[in-house]
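Peer 1: So you can see what is in the structure, the chains are spelled out below.
There are 4 protein chains.
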Amino acid sequence: MKITIIGGGSTYTPELVKGLIDNRDAFGLEELALQDIRPERQEAVASFCRRLMEKEKASFSLTTATDRKTALNRADFVIIQIRVGGQEARNRDIRIGLDNSLIGQETTGIGGFAKALRTLPKVLEICSDVVQYCPNAWVINFTNPSGLITEGIIKATGVQTIGLCNIPYTFKKELAGVFSVEPRDIELDYVGLNHLSWVRKVMVHGKDRLPELLEMADSSSDILPEELDYPVAFLKILKAIPSGYLRYYYDTSRLLAELKSSPKTRAQTVMEIEKELFEKYNDPGVIEIPEALSKRGGAGYSEAALGLIDSLVNNKREIHVVNVQNNNSIQGLPEDSVVEIPCLVNSYGAHPLDAGDVNPHQLALMQHVKAYELLTVQAVMEGSREKALLALITNPLGPEASKALTILDDIIKSNQLDFLH
Amino acid sequence: MKITIIGGGSTYTPELVKGLIDNRDAFGLEELALQDIRPERQEAVASFCRRLMEKEKASFSLTTATDRKTALNRADFVIIQIRVGGQEARNRDIRIGLDNSLIGQETTGIGGFAKALRTLPKVLEICSDVVQYCPNAWVINFTNPSGLITEGIIKATGVQTIGLCNIPYTFKKELAGVFSVEPRDIELDYVGLNHLSWVRKVMVHGKDRLPELLEMADSSSDILPEELDYPVAFLKILKAIPSGYLRYYYDTSRLLAELKSSPKTRAQTVMEIEKELFEKYNDPGVIEIPEALSKRGGAGYSEAALGLIDSLVNNKREIHVVNVQNNNSIQGLPEDSVVEIPCLVNSYGAHPLDAGDVNPHQLALMQHVKAYELLTVQAVMEGSREKALLALITNPLGPEASKALTILDDIIKSNQLDFLH
Amino acid sequence: MKITIIGGGSTYTPELVKGLIDNRDAFGLEELALQDIRPERQEAVASFCRRLMEKEKASFSLTTATDRKTALNRADFVIIQIRVGGQEARNRDIRIGLDNSLIGQETTGIGGFAKALRTLPKVLEICSDVVQYCPNAWVINFTNPSGLITEGIIKATGVQTIGLCNIPYTFKKELAGVFSVEPRDIELDYVGLNHLSWVRKVMVHGKDRLPELLEMADSSSDILPEELDYPVAFLKILKAIPSGYLRYYYDTSRLLAELKSSPKTRAQTVMEIEKELFEKYNDPGVIEIPEALSKRGGAGYSEAALGLIDSLVNNKREIHVVNVQNNNSIQGLPEDSVVEIPCLVNSYGAHPLDAGDVNPHQLALMQHVKAYELLTVQAVMEGSREKALLALITNPLGPEASKALTILDDIIKSNQLDFLH
Amino acid sequence: MKITIIGGGSTYTPELVKGLIDNRDAFGLEELALQDIRPERQEAVASFCRRLMEKEKASFSLTTATDRKTALNRADFVIIQIRVGGQEARNRDIRIGLDNSLIGQETTGIGGFAKALRTLPKVLEICSDVVQYCPNAWVINFTNPSGLITEGIIKATGVQTIGLCNIPYTFKKELAGVFSVEPRDIELDYVGLNHLSWVRKVMVHGKDRLPELLEMADSSSDILPEELDYPVAFLKILKAIPSGYLRYYYDTSRLLAELKSSPKTRAQTVMEIEKELFEKYNDPGVIEIPEALSKRGGAGYSEAALGLIDSLVNNKREIHVVNVQNNNSIQGLPEDSVVEIPCLVNSYGAHPLDAGDVNPHQLALMQHVKAYELLTVQAVMEGSREKALLALITNPLGPEASKALTILDDIIKSNQLDFLH
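Residue numbers (numbering that gives the first Met the number 0), protein chains in the order written: chain A, 0 to 420; chain B, 0 to 420; chain C, 0 to 420; chain D, 0 to 420.
Quick caveat, the hints were computed from the structure, so don't treat them as lab data.
If you're wondering where the values come from, they're calculated on a predicted model, not measured in any experiment.
Any given hint could be a false lead.
Since copy identity is lost for identical chains, a pair holds within one copy or between any two.
Below, simulated SDA-like cross-link-like pairs (lysine to any residue); rule was C-alpha separation at most 20 Å, straight line [claimed, not checked]:
1) Lys412 to Gln330
2) Lys238 to Tyr347
3) Lys206 to Asp335
4) Lys68 to Ser220
5) Lys279 to Asp75
6) Lys315 to Asn345
7) Lys154 to Gly355
8) Lys68 to Leu255
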């Protein structure tokens, strides 16, 4: 059993290694292979991970490579978590957004669009190596925008892929605290696309406790996670709890104003956090996950990934909320497009459960954003600047058509997207 | 054969009467019944129409009523063309829009929303009388927002209804001029919802001349009608000519700026035109359609309506672009929702032709706007303020969710929509 | 917790009681209520059940009633297992079949059709009492033809219903023996309608062992259950194991010949078995399930029912093969029609898993038989003799149209189906 | 303008030539090219056609070839009307049917199956030449089983094809006689597959006169064409008039008995008719279409074909009942499979009209037969004997599965279908 991490130099990697150590017996891991194109980052991460492994007497080996083929060879699972262009590119996206009074966040708005355009070609190259060096591996994609990148992998390659985001698992865990039960006692009636999702029921031991949760949230601001700071009256009308990322749609101007008035961009903040993390990773005396990692985002990322792998390897038949092809679970979206939805996961894959009736408001937003995603994938696959323009004007947080061409040119130039013509 | 016009006091009515006179032999009209709740307007219109009829020796009679039941009794066709609240209400909608930097146009944005909320209940009352007094009549709906109102009639009643807009026919007629053929030699590959539509092919004698048309438009600004002032480069990317009303989506800020800087609203301009028209209608010496009517909008309205009636009465099997239930013509929209699409019209109805593949950009916009329309219809049918709020935040030209409640309250108050609770 | 059995006087009842005793802690049963319109049969069954309960010190009470309302009052589960007209009616169906060289088996061919026509009206009466006396109860239907009756309940009432058949569970149990694993280690990729189904994969610990199973069956006739006596060459072409009942379609003339040459009908044999069983049930010395019950058919019936109830009550999220509405699991069948399919069962119901691609041969047979079932349900709901005739000629094992009217008249007369007109 | 007939030596050809002469001005025909692999038959036909042309002063030329490529070169229309194996093969099919008490008719039952297996490969070869030598030509397929062969062409090639059968047009013409109107005044609400179809409404000047027609048929046996000899009581229950070929399904045993007791097979009769026809065609004195041609079947074939070509060439927008891909016209059948349905025919193709609600009985039969057709096409395309077996057991008039292998072997052997393995 071999797990390969593409983008092994990510500051997140140690959390995953910690999880693998803690669950050592679950799926007989023999080798964890890290691959990154930036060797200095990867070595810092790997040396810290090796200290963790030694301390806990881990039974698997850790290897590193800059060469992708070595790392992929005979892998059973490939985790892709790359960031093309680094935080610098992210920062540029945010800036282009602010210059045009548009959302440049790394997964939504024109930021997600720019990131997808520069990222998907690289991910498809990786998948092409997967086909050659480990064709039976499961690819787990964490690379943002996670849903769109997963859509691209599935549309453009034959690789078996599941897109993953830490949000559904983290929310479940927080609800487990609220209701004093274990996460496994909770089932979320969850529907949406990645970062465009709603929790419609919170089944605790088989009983929907969403109404009760909303009453509790009405009396105390500590009930719902900070990023879900919606007025409870609005949630009662929606009859659902939207993802934190939906605030970019529901409260656009306030979030734009916050971005504008913030002294640093999120990219700049993350650069500082990463600087601090790498100092710790490089310090031979540090043998605990640094506190600073919790500020990096991505809480629960390790647990979500390992739970999914466990259910796949051990045919556990658990329900996980993941990004897979819709089949017929959400009526009104194409069967072959990727949605984020509860799936029964057994050893032959993740099988989406039927979403039942979907509110027209939610469905319309999903349809609109999915069309943007599909056009973006087509733009990359065909190298088509025209499709990229159609994608951009289809993004509900994108510019009006009359301004789109200028913005697209900025994005192309700033990211050197020469393949678009 | 009896045709009834609900909203007979409309300044448009004489154009229709002129058409009926000119086509006197086409479908054996015996009685044209006008009904309006404002007798003074209706009498002015009727007296002018009678002068037209006398001059041309029309063979049918013209009756007027304020009582709806008399007018509807045994009608074969019922044309609904009402304006609830008059131009004053329209003016208020535009103002609420401008106060919130939103589009308050009478068919799109929050203007269309407000108009639908105050209009649909009245139209449903009319249709309830149709069921009782002329259950086999065809209802032809011109009342704006025409697609949404037609959707409401079909969802809420059993009345057989076709929604009509003058735009498709007028565009065809203008193209006939460009290509020096008759309108009947042209078939539009047309797809969309009312006021949210695209012409994808211009078939002249069975050959698509859209590419040629775009080339011509590139060299001369006189080719396309004034309201279609899109950059030709953009049309070439779209591979289609969008409706003029799509500028509210494609060029929102410019249109908003124009509205803001305009000394008069469209409602105020129309009030002045109507004042002039009624002076003419009331002048016994005027026996020609006044020039001013051409400024009123709605060109081709009479021809579109009479062509449709002719095909229904005489089983003509012509193709008309009208608003009917989708069935399966546009994949990705609900089968039972209303779309604006080419239909084969024979004596048993208007049968939509298959729309083939639809561009994701176009489909997404249709899906989004249709969801808004369906939620608006539900809000009216259920008297639900919550559904009205969902409708408002689902309108792509509506406010962000965080501001929607205040705007909805303004609309409810200014229109006295007490049925919403 | 109260379970009510409608048709409590069935000779099967003791098996269910035995299961309830053995699983006493699983779902806190307090009362088991039997109801039957034939008190003498029910008292014999109940007295034997009470001896079983006493011997094993069961903690729940057993009540009996002829009045349905008493029995249903506040039930949590209602098991319907009635036989309208008894074995005598079954015998008549077989005879009408033989007279016309047609299959008169109690679930397929014209036998299933006749049984459905006389049974569904009674089942709908029962469900109407369920709505009144225990509206939140789950109805588990065992009454044959089980799929068609479940379809009828769902189409005609608002009762939440799951149709159950012992076949899928029993086959899984037999396969567990073949592969020396527990039934829970096996998942069947199962698709079909009740008594018209195919097993397409036999997943043992997540690996498909159907090809291996067919190889084994090729060398030994002991591998597959007796009723699945298909040539292995045929199974290899089908790439699936069809239900035993499909032999009525695949080997019609042989089965008809066997029926014709058999000295006794199955109805007559069952009458004899039941006579023997009632003697035992009435004998105060008998405190073990009689051997003869195993000849009665329906093996595993108790385990299948109790496993399902357990998963519903305790939110177990197990996979059970049951009869529920299709939703979108089998593409090509109506979303709202009942299929027999693997479902994830939790405390809010049984949720069908996606069936993926279905072979055109299998789909066509399902579509044809489902159309027959729907027409039969419509015939009962509308009291329509015309619909009954359409149903009969749509049944692939029914008569050709030119002979259908005579046969329908025989069935109506022999079953006094006066509601058909 | 060039029309090519593949199978030009057919005895039907002169009827088509007569039609082309009569409609000389309709579509500017310049060359009619005949191609046949049996030159002696083709020359006899061509010499007779030339006499017809000379007599009527036809303005187009007639060419003949045995080489397909010459005949196809730059054709605008290609009519395919071949009979692989001649009447001898047809006779063998009927015999294999009779030996097994099965229908061996050339389009239905195992006769249609055998004919499809030997014919489709040849038709696909022809279409492959079409792609090369006249890629923009319309292929009009008359080759039986017409629906299945058209399905095969569309599934296996990119050729634009319309399948045609004389039945819908002929029935319309007969009804025109009954109601004393022109065929163009009648629209049939027609649904089905080729030779498996129902007329559900007979719209005369836009009014459904089917009920009246059935009343007339009740009093007089002369109303409906001879081949529609159904009991009127049955038609009233169906609320439709089924195709004559549906008698093979509705009255199987009577038709089988007739076939068995008939001294000659239809193939033998046709051989005699053709002998007589060729004598006339070879007789220089004969310059009129021989009376014997009316006994050959296929009445109206010429009018149906020429009407279709006229509507395509001249963008007539007429409604023709033809075999094309379903799109979404009949819900419940695959979108890409071929159905026989009213289509709007303009210069860019034949566009199916929505079929509305379809009776479950009719839909089930179509679904079942369509699955058989698709499996037959797959068998040919994949050269798969297994798929051929699945096709055979899926044919509702085919053998039960237990007997299918023997019959398939007979068919393979008697037709030398070596490509199946």
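Peer 1: Work down the list of hints and note, for each, if the structure agrees.
Peer 2: Outcome of the hint check:
1. Lys412 to Gln330: neither (39 Å within a copy, 37 Å between copies)
2. Lys238 to Tyr347: Cα proximity of Lys238 and Tyr347: across copies only (18 Å, versus 34 Å in one copy).
3. Lys206 to Asp335: neither (32 Å within a copy, 25 Å between copies)
4. Lys68 to Ser220: neither (50 Å within a copy, 49 Å between copies)
5. Lys279 to Asp75: Close neither inside one copy (31 Å) nor across copies (59 Å); limit 20 Å.
6. Lys315 to Asn345: both (6 Å within a copy, 16 Å between copies)
7. Lys154 to Gly355: between (25 Å within a copy, 18 Å between copies)
8. Lys68 to Leu255: Cα proximity of Lys68 and Leu255: none, with 42 Å in one copy and 55 Å across.
Violated hints, in rising order: 1, 3, 4, 5 and 8; the structure is consistent with all others.
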